[in-house]
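Colleague: Sequence:
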Amino acid sequence: MPLKGLFRLLLTTIVLCVSLGITGCAARVGVGYRVYDPYRSDYHVWDNREGDYYNQWIIETHRRHKDFGKLHRNEQQEYWKWRHDRH
Numbered sequence: 022m023p024l025k026g027l028f029r030l031l032l033t034t035i036v037l038c039v040s041l042g043i044t045g046c047a048a049r050v051g052v053g054y055r056v057y058d059p060y061r062s063d064y065h066v067w068d069n070r071e072g073d074y075y076n077q078w079i080i081e082t083h084r085r086h087k088d089f090g091k092l093h094r095n096e097q098q099e100y101w102k103w104r105h106d107r108h
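Following my numbering, the numbering of the sequence shown begins with 22 at its first residue and continues without gaps.
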């Protein structure tokens, strides 16, 4: 392989690895990941603790369990209101 081709391959590999590393880690914080609460303009780390709060909300409001990201916006807003009012 010519030197120029080897250089391009190496450069492409480096760029790909760096970009995957950045995007793969951008939303991760410790064990959980960050979730934006647009109603209070703040972030929460969605970890086991937040999952416990979410499950408590599901039980208290008599809802069927769904992943938080699959809830309608109004239901997400209800959760964040509940979460800020109680904890």
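Calculated from the structure, these hints are not laboratory results. Be a bit skeptical, because a hint or two may be false.
Straight-line distance between alpha carbons at most 25 angstroms, and here's what the computed SDA-like set of lysine to any residue pairs gives [to be verified]: (1) Lys25 to Val52; (2) Lys91 to Trp78; (3) Lys25 to Tyr57; (4) Lys102 to Tyr64; (5) Lys25 to Glu81; (6) Lys102 to His83; (7) Lys25 to Asp68; (8) Lys25 to Ile35; (9) Lys102 to Glu71; (10) Lys25 to Gly53; (11) Lys87 to Asn76; (12) Lys102 to Gly90; (13) Lys87 to Gly72; (14) Lys25 to Val56; (15) Lys91 to Asn76; (16) Lys87 to Val56; (17) Lys87 to Asp106; (18) Lys91 to Trp103; (19) Lys102 to Ile35; (20) Lys91 to Ile35; (21) Lys25 to Tyr60; (22) Lys102 to Asp88; (23) Lys87 to Asp68; (24) Lys91 to Arg70.
Only a predicted model underlies this, so the values are computations on that prediction, with no experimental measurement involved.
Colleague: Indicate, hint by hint, whether the structure satisfies it.
Modeller: Going through the hints against the structure:
Distance check on the hinted pair: Lys25 and Val52 sit about 42 angstroms apart at the alpha-carbon level, beyond 25 angstroms; violated. For a cut-off of 25 angstroms, the pair hint linking Lys91 to Trp78 stands: about 15 angstroms separates their Cα positions. A hinted pair counts as satisfied when its Cα atoms are at most 25 angstroms apart, and Lys25 with Tyr57 does not qualify at roughly 45 angstroms. For the proposed pair Lys102 and Tyr64, the alpha carbon gap of about 14 angstroms is at most 25 angstroms, so the pair holds.
Under the criterion of a C-alpha separation no larger than 25 angstroms, the hint pairing Lys25 with Glu81 is inconsistent with the structure, at around 64 angstroms. Restraint check: the Cα-Cα separation between Lys102 and His83 comes to about 16 angstroms, which is no more than 25 angstroms; the hinted pair holds. The suggested pairing of Lys25 with Asp68 is violated, with an alpha-carbon distance near 47 angstroms, which exceeds 25 angstroms. Under the criterion of a C-alpha separation no larger than 25 angstroms, the hint pairing Lys25 with Ile35 is consistent with the structure, at around 15 angstroms.
For the hint linking Lys102 to Glu71, the alpha-carbon distance of about 14 angstroms falls within 25 angstroms, and the restraint holds. A distance of roughly 43 angstroms separates the Cα atoms of Lys25 and Gly53; the hinted pair therefore is violated under the 25 angstroms criterion. At roughly 10 angstroms between alpha-carbon atoms, Lys87 and Asn76 fall within 25 angstroms of each other, so this suggested pair holds. Restraint check: the Cα-Cα separation between Lys102 and Gly90 comes to about 16 angstroms, which is no more than 25 angstroms; the hinted pair holds.
In summary, the hint linking Lys87 to Gly72 is supported, as the alpha carbons are separated by about 12 angstroms, within the 25 angstroms threshold. Restraint check: the Cα-Cα separation between Lys25 and Val56 comes to about 44 angstroms, which exceeds 25 angstroms; the hinted pair is violated. Restraint check for Lys91 and Asn76: the C-alpha separation of about 14 angstroms stays at or below 25 angstroms, so the hint holds. Under the criterion of a C-alpha separation no larger than 25 angstroms, the hint pairing Lys87 with Val56 is consistent with the structure, at around 16 angstroms.
Our distance criterion of 25 angstroms between C-alpha atoms is met by Lys87 and Asp106, whose separation comes to about 22 angstroms. Of the supplied pair hints, the one linking Lys91 and Trp103 holds, its CA atoms being roughly 18 angstroms apart against a limit of 25 angstroms. A distance of roughly 44 angstroms separates the Cα atoms of Lys102 and Ile35; the hinted pair therefore is violated under the 25 angstroms criterion. Proposed proximity of Lys91 and Ile35 is contradicted: the alpha carbons are some 35 angstroms apart, above 25 angstroms.
Using a Cα cut-off of 25 angstroms, the hinted pair Lys25 and Tyr60 is violated, with the two alpha carbons roughly 53 angstroms apart. The hinted pair formed by Lys102 and Asp88 meets the criterion: a straight-line CA distance of about 17 angstroms does not exceed 25 angstroms. Of the pairs offered as hints, the one joining Lys87 and Asp68 holds, with about 16 angstroms between alpha carbons and a cut-off of 25 angstroms not exceeded. As the CA atoms of Lys91 and Arg70 are separated by approximately 19 angstroms, the hinted pair is consistent with the 25 angstroms bound.
Checked against the numbered hints given earlier, the structure breaks hints 1, 3, 5, 7, 10, 14, 19, 20, 21 and satisfies all the rest.
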